[in-house]
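Q: So the protein lines, in turn, are chains A and B. Be aware that the first sequence starts at 133, since it is given in this note's numbering, and climbs by one per residue. Be aware that the second sequence starts at 464, since it is given in this note's numbering, and climbs by one per residue.
Keep in mind that the hints were calculated from the coordinates and are not lab data. Remember, predicted model here, so these are calculated numbers, not experimental data. Just so you know, not all the hints are guaranteed correct.
[What the hints assert, rightly or not] Per the computed footprint, the stretches of chain A lying under chain B, defined by three or more beta-carbons under 8 Å from a beta-carbon of chain B, are:
#: 1; stretch: 202-215
#: 2; stretch: 235-243
[What the hints assert, rightly or not] One-sided and incomplete, this derived list gives chain B residues near chain A with beta-carbon spacing under 10 Å:
#: 3; residue: THR494
#: 4; residue: LEU506
#: 5; residue: LEU553
#: 6; residue: SER557
#: 7; residue: THR559
#: 8; residue: THR566
#: 9; residue: GLN567
#: 10; residue: ARG574
All residues carry an ideal CB built from backbone N, CA and C; glycine is no exception.
Below, each chain spelled out in residue letters.
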Amino acid sequence: AQSVTQPDARVTVSEGASLQLRCKYSYFGTPYLFWYVQYPRQGLQLLLKYYPGDPVVQGVNGFEAEFSKSNSSFHLRKASVHWSDWAVYFCAVLSNYNVLYFGSGTKLTVEP
Amino acid sequence: GGIITQTPKFLIGQEGQKLTLKCQQNFNHDTMYWYRQDSGKGLRLIYYSITENDLQKGDLSEGYDASREKKSSFSLTVTSAQKNEMAVFLCASSPTGGRGQDTQYFGPGTRLLVL
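For reference, chain A alone in the conformation it holds in the complex (with noise of 0.2 Å):
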């Protein structure tokens, strides 16, 4: 079964500062697998997505993600947070039958 950990539940980093945030992947097969952010009382909007290719894939607002099979991993990166990136951070893995699988988010703090 497909399923989707982001281990840190909270982050907190300062404005310009770079940033990492966590998303390990369980999925039998090559993945698809996205990010998404959530800004406070709005819906998901995509970041990025990765198809199978080129491990590093560019998203929005600067935001990049490296697949690792051999970790079964997907983590966001950012080199400069803004004060604009405060908001929850979704990983999602796709299933076989389209059918997205979400972790439980990350909450970026960012301070000045």
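Once you have looked at the hints, place chain B on chain A.
A: Frame of chain A, contents of chain B only:
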């Protein structure tokens, strides 16, 4: 572009009450989804529908009914609201074109509180 509209934005119900949430999309997407979001638990799939009049159960379908009478709309019914229940229900839609055509677009959510 398109938009997903969810009504109502806030829903306050009584224990045992039947409550209906509505979702409309103008993307002309084939597939629509209902998720429940609880604090600290991420999103869990309740129902999805790959075309009008189709319904597929997700992992959390018990206690819910769904209806897809038109391509553009997807309704969810809480059959018997549970006391002190508090959650956000998110509707989403996606095109259907096999893997690689499956980005889901989300509505703003309906916030449910049961007294």
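Q: Going through the numbered hints above, which ones does this structure break? Give me the numbers in ascending order.
A: 1
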